Amino acid sequence: MVTTTLGVTAEQVRAVVADVPDPEVPVLTIDDLGVLRDVEVDDAGRVTVTITPTYSGCPAMDAITADVRTRLGDAGHPDAEVRLVLTPAWTTDWMSDAGRRKLLDYGIAPPTGRRPVGRTTGPEAGAPVRLTLSVRCPLCGSPDTRELSLFGSTACKALWRCDACREPFDRFKDH
Amino acid sequence: MTPISELSPSPGAQAPPRGDKSQAVGTYALRLGDDALVLAQRMGEWVASAPQLEEDVALANIGLDLLGQARNLLTYAGTQLRHPDGTPRTEDDLAYLRDERDWTNVALVELADDGDFGACIARLLVFSAWQHELYAALTSSTDETLAAVAAKAVKEVAYHRDHATQWVLRLGDGTDESHQRMQAALDARWSYVEELFEADDLVRELVVAGVAVDPATLREPVLAYVTAVVEQATLAVPEPAVRHTGGRRGVHTEQFGYLLAEMQHLARSHVGATW
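Heads up: the sequence lines are chains A and B, in that order.
Quick note on numbering: this note's numbering labels position 149 of the first sequence as 149, and the sequence is numbered without any gaps.
Quick note on numbering: this note's numbering labels position 174 of the second sequence as 174, and the sequence is numbered without any gaps.
Calculated directly from the structure, the hints in this document are not laboratory data.
Predicted model, so just to flag it, every value in this text is computed and none were measured.
A couple of the hints might just be wrong.
Claimed, not checked - Going by beta-carbon spacing under 10 Å, a handful of chain A positions derived as facing chain B:
1) C58
2) T87
3) S149
4) F151
5) K173
6) H175
To be verified - Restraint ranges, calculated between C-beta atoms of paired labels, are given here:
7) A:T9 with B:A273: 42 to 48 Å
8) A:V82 with B:P240: 48 to 54 Å
9) A:D42 with B:R170: 51 to 57 Å
10) A:T112 with B:E239: 39 to 45 Å
11) A:P59 with B:E54: 17 to 23 Å
12) A:P168 with B:Q255: 33 to 39 Å
13) B:P84 with A:P59: 46 to 52 Å
14) A:L84 with B:A273: 20 to 26 Å
15) B:R101 with A:S134: 52 to 58 Å
Stated by the list, open to error - Among the chain B residues that face chain A by a calculated CB cut under 7 Å, a handful are:
16) V57
17) L64
18) D65
19) L67
20) G68
21) A151
22) Y159
23) H163
24) P240
25) H244
26) T245
27) G246
28) R249
29) G250
We put the beta carbon where it would ideally sit given N, CA and C, even for glycine.
Please take these sequences and the hints and turn them into a complete structure.
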């Protein structure tokens, strides 16, 4: 355990906090999610950890912030600053490949990397936004799936159903 | 917990002194935050009362997004509209300790649905279309905090707008009964639409400073979107005889008092309670 901030590197601090789990999708760490944005150690040894919320109202952020503080305190950085930043806005594009694999193994269809951002200008302005990529069932692998609801058990997931194995499943939304 | 007396003069309803930019920015952030918070409360009323389980979840999620946006906006407003001793007002000060006349939301968000799902969806269509255009434009604000809040929120609101769109199409172009009720819901909501596009001196000054979005510029794209959806749903865009106004000045409908009473009751009856 690191008991002093003298000589500690950002990489070492990062290792302390990187595997803090998301309390709502515990198979993912904040590093997998892209919620952990930056770890800095300045010349005086002051530690700053920067995190960003997934959705504006994500209730997991309070728990994540508390967990990060606890880890830092246990590792000898009780005065570390935990900064919450809104910009640049979080996107599922930041989710690691390891995170996507873990989601799939956990039974949640991972984001496919295409963001359904609304069109506001140009000739297509006002057209409803629709996802066209097929989503594979995380249970049986079939692409014969459909969306039941844009909204699921947490802000980051949508509710889907597989027409091959007939099972409902969560899909991590492209965002 | 802040004594209520310290919240006077009201941070929202009074015109700020000229040239006091942080007061103006705070008042603007508070308006947008009030819109989001009040609609979040209305959405929460649908939990366990929506037509189907998936819709309970959807409306709760939309409410949660709006609540998160409101927390960001109220927290920021509180840093600009400080207590007389210089400490920031907290989000809880602003949410729980302001009286009705100090709230600056538009009337559209405060109207009670009274269990009418069509009314809920009619409002969500208009409001999410408006919020989407607003936040998209606000990402270019010279105020970095407002731009950052908007950049997150615009992606969330895109889902809300899509959800409302799908329901209006389904109900409008559905059975005779659903068509008639969806049209009635639009008719009932429409006299509250124009208020979304009103500007006053405070907003106009912030527009010049590059901070705020001119609400008048949102009218054309919002109504274009809404009209396209309504017509595709085989419904008609209403032409209301009256036009409601006053929310930004703290003038509210009777229904709003009941909403506030429920939302603020715990914090006011058990001063200092945390949960």
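- Could you check the structure against the hints above and give me the numbers of any it violates, in ascending order? The structure conflicts with hints 13, 24, 25, 26, 27, 28, 29, although it agrees with all the remaining ones.
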